[in-house]
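Peer 1: As a plain string of letters, each chain reads:
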Amino acid sequence: MRANSFPEMETTRESELRTAFWEQVETIPQGEKIKNCLQCGTCTGSCPISYMMDITPREVVGLFRAGRIEEILKSRTIWICASCYACRVRCPQGILVTDLLYALKRLAMEKQVYPSDFPVYALSKSFIDNVYKYGRNHELGLVAKYLVRVDPLKLLANATFGLSMMKRGRLAVMPKAIKKVHEVRKIIDRAKQIQSV
Amino acid sequence: MEFAYYPGCSLETAGKPYDQSVREVFRVLGVGLREIEDWNCCGATMYMSINKMVGYSVAARNLALAQDMGLEICAPCNSCYTVLRKTNRHIQWDPASGEQINQALAAAGLSYTKMVEIRHPLDILVNDVKLDKVIEASRYSLNGLKVAPYYGCQLVRPVFHFDDIEEPQTMDRLLEALGAEAVDYPDKVRCCGGMLMTTFEEVALRLNNELLTHAEDAGADVIATACPLCQINLECYQTQINKQFGTNHKMPILYFSQLVGLAMGIEGEKLGMDTMMTPLPPVMLTPKLEKRAV
Numbered sequence: 001m002r003a004n005s006f007p008e009m010e011t012t013r014e015s016e017l018r019t020a021f022w023e024q025v026e027t028i029p030q031g032e033k034i035k036n037c038l039q040c041g042t043c044t045g046s047c048p049i050s051y052m053m054d055i056t057p058r059e060v061v062g063l064f065r066a067g068r069i070e071e072i073l074k075s076r077t078i079w080i081c082a083s084c085y086a087c088r089v090r091c092p093q094g095i096l097v098t099d100l101l102y103a104l105k106r107l108a109m110e111k112q113v114y115p116s117d118f119p120v121y122a123l124s125k126s127f128i129d130n131v132y133k134y135g136r137n138h139e140l141g142l143v144a145k146y147l148v149r150v151d152p153l154k155l156l157a158n159a160t161f162g163l164s165m166m167k168r169g170r171l172a173v174m175p176k177a178i179k180k181v182h183e184v185r186k187i188i189d190r191a192k193q194i195q196s197v
Numbered sequence: 001m002e003f004a005y006y007p008g009c010s011l012e013t014a015g016k017p018y019d020q021s022v023r024e025v026f027r028v029l030g031v032g033l034r035e036i037e038d039w040n041c042c043g044a045t046m047y048m049s050i051n052k053m054v055g056y057s058v059a060a061r062n063l064a065l066a067q068d069m070g071l072e073i074c075a076p077c078n079s080c081y082t083v084l085r086k087t088n089r090h091i092q093w094d095p096a097s098g099e100q101i102n103q104a105l106a107a108a109g110l111s112y113t114k115m116v117e118i119r120h121p122l123d124i125l126v127n128d129v130k131l132d133k134v135i136e137a138s139r140y141s142l143n144g145l146k147v148a149p150y151y152g153c154q155l156v157r158p159v160f161h162f163d164d165i166e167e168p169q170t171m172d173r174l175l176e177a178l179g180a181e182a183v184d185y186p187d188k189v190r191c192c193g194g195m196l197m198t199t200f201e202e203v204a205l206r207l208n209n210e211l212l213t214h215a216e217d218a219g220a221d222v223i224a225t226a227c228p229l230c231q232i233n234l235e236c237y238q239t240q241i242n243k244q245f246g247t248n249h250k251m252p253i254l255y256f257s258q259l260v261g262l263a264m265g266i267e268g269e270k271l272g273m274d275t276m277m278t279p280l281p282p283v284m285l286t287p288k289l290e291k292r293a294v
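Here the protein sequences come in this chain order: Y and S. Mapping the first sequence onto my numbering, position 175 (from 1) lands on 175, and the numbers just tick up by one. Mapping the second sequence onto my numbering, position 77 (from 1) lands on 77, and the numbers just tick up by one.
Incorrect hints may appear among the rest.
What the hints assert, rightly or not - PhoX-like, lysine-lysine: derived pairs with alpha carbons at most 25 Å apart:
id : chain 1 : residue 1 : chain 2 : residue 2
1  : Y       : 176       : S       : 243
2  : Y       : 176       : Y       : 125
3  : Y       : 167       : S       : 243
Please keep in mind that the hints were generated in silico from the structure rather than gathered at the bench.
Chain S extracted, bound-state conformation (with noise of 0.2 Å):
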């Protein structure tokens, strides 16, 4: 099993700790990531919102790159996810500017023909490596920790291919398959706000201070993201919204595979574990992270 691995621009810097601990996780189960050579930035939302020809062309650019190597495409930020997808998507709807498309692709020598797929590493480790692997590889379990599973905006919608829009369940499969706990709070696809927290930030400290209270409510030790901008804006803004709510937000923001990789046995520091911003305590590490009796 081999994909070609898109990290895109967040995972180079702020959300290094997913690009490591993905990295990590498929290593281990002997999954192969080859990077997309000279990959360029996807053009998010932005580009996408603001031209549209432009944003489609740039985003296909890392298509066709990925089309070459005859592999699928394995993209972890959920913004990226959904950027590339919407472009094929757009390109199925009008094969008018799909063509238009490759004449932009064209002034570089590229051209796009065949449909890649692009698959989210959540998707991947429940649907293609499947549980039953992931538990086989585990040397410890999560017995005892309770995460609140949080999946954002763009990994579910606008069109979510490999579970419910509403109420997935992905995230929580695999990590209570690893003896992990996840609760049920009723944010688990509500915004973070994203850019917002620069553009807006009254907005994205509101919607950041609800989601980490309701985790919180439920009883959860640590959220688990699947996205570089949902989990910057849950960790690092907390004394922030402290300071705005008057609360008491410690709460940790973890990468689902983070979360995984522990449960492998993989060292935290290959996991970008010590460079988080709130840390997993350590007193809710040791008596919960139990070898697992085999």
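Pulled out of the complex, with its shape left as it was, chain Y reads as follows (with noise of 0.2 Å):
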């Protein structure tokens, strides 16, 4: 499994890591198949936002094999991917690039480690207050709490628009719990007891 790496070269933040990355790829099916990488770049340029990436999918899996995963985990592009899959489906070693994006977000929420300038993250942990809270998604409330956190302005910004909506019944202004929420609550409390064992 561990085949790829090179322990000799590597410092005790990159080796713990790396072991830690090694554990979200055995949650994938075949997440192995990261180490049959071409860098052939067929992931980066199937992405249509790429060239809006600090480190591209191509240069994730390189930095990731030169033992540079700290700087993978400080990097926009994890947190930037829209999960189109594009990568994924014309990937001709079928790499789900896509999910291992995810372990490495993953791995970045663990070991708190976040692009400096780029708060998105904050968005992910508002989505999951909103499930926990009224087990359905409120898109006002989301998108508000994301903003209040981030970015205050461009919530003014957003007024017009939310209120046009409004106005066509397409944006409810409260939240609206569902009948059973305690029981999505319970599911949500026993999944994280499950996956901490």
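Hints given; two lone chains; assemble the complex.
Peer 2: Spelled out as structure tokens, the structure:
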């Protein structure tokens, strides 16, 4: 499994991250295929937003092999990915690139390593709060909460748009919880317990 | 023919017209949609990408509820569709995690043991109801209307089970059967950016500008979508895109089910047509929406 690592070149931090990463990879179908990467760049070429990434998908794998995981975790790349799966369906080696980026995202959260100027994980946190509280996702609450955390001015800029959606009955002001939201909470709590074992 | 209906959170608010039009079209065709009682958020890509076990378990509650109804699921939102399908695939790939998911479900007195099939309304219309039935049920022809069919990402990828990944034809065939012309343009499966419109607007605006421009260049009168997130990004941000790029987009963005409903002669209001930001201009509609010669 760890044939591609070069322990003698690794710092302690790096090997800690690497071990944690492989643990994540083991939960992905055929995750070990990352070792078959040819560095052909099909993923980067297929990605509709690679030009906006600080590290392209191909470079993610390259940096990983070079033992520079921390650099990947600090990049915006894993947070910008919109999950369109274009890389995944075209990879000639069958690597599940999108799921590998998710694995890196989870690793970043576990190790609390984030890109300094890019608080996107705040949206994920708001999303999770919403599901736990209501059982469903409340769009207005989600976006508002996120913007309050990262960019309050933009909240004002979006107000007109919000109003016109509201007028059309396409935006709910108040969140509505499902009847058995306690069931959802129990499932979430139990799943978290299971995962931490 | 009956399905367990899973609208998903978006279809309750911003994607309301999608919900209305799917229900109406299915009603006219005699396809039953029984809403899964007290369904919850599927967790979307967001949950799955940051906490797998919890993400799959949250999605699986809906699968368990549908399993008890003994029906296949109809999920119109591309994101819900892909998340629910991915949960099934994960359980099949790793039965041990399937057991863990069931342990989590047990906390709510539920269990998920039979794989429930998840279907998209586009798939149901074309492959179950079939085109001749849809044509038979239509009262108007969309003759002369040039449509850019937009499939987006998560219907098509990562695993497309009812069409081609790079060059899907299902929506093209459906709309052409109703008289419309499906224009050829390069972006039918290209990403709209999804949630990036909130987190990384600059990128999302650019992606949507390209989509709109390419559809316009191909001569499209309207873009037809199959996903609430694509629809909202393409429709609701046109003013901002025009400001940013100096463009002049005025493209109506409709759900494919709204176009099908119009061809069936269903009142626009019942299809949510009156709540669209950029309505299909009546001039475009009147001469083109012709009564079918019987």
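Peer 1: Each hint should be assessed against the structure and marked as holding or not.
Peer 2: Evaluated hints:
Proximity of residue 176/Y to residue 243/S is assessed by CA-CA distance (about 35 Å); at most 25 Å being required, the pair is judged violated. Taking the CA atoms of residue 176/Y and residue 125/Y, the gap is near 19 Å; set against the 25 Å cutoff, the hint holds. Restraint check for residue 167/Y and residue 243/S: the C-alpha separation of about 23 Å stays at or below 25 Å, so the hint holds.
The structure fails to meet hint 1 from the earlier list, while all remaining hints are met.
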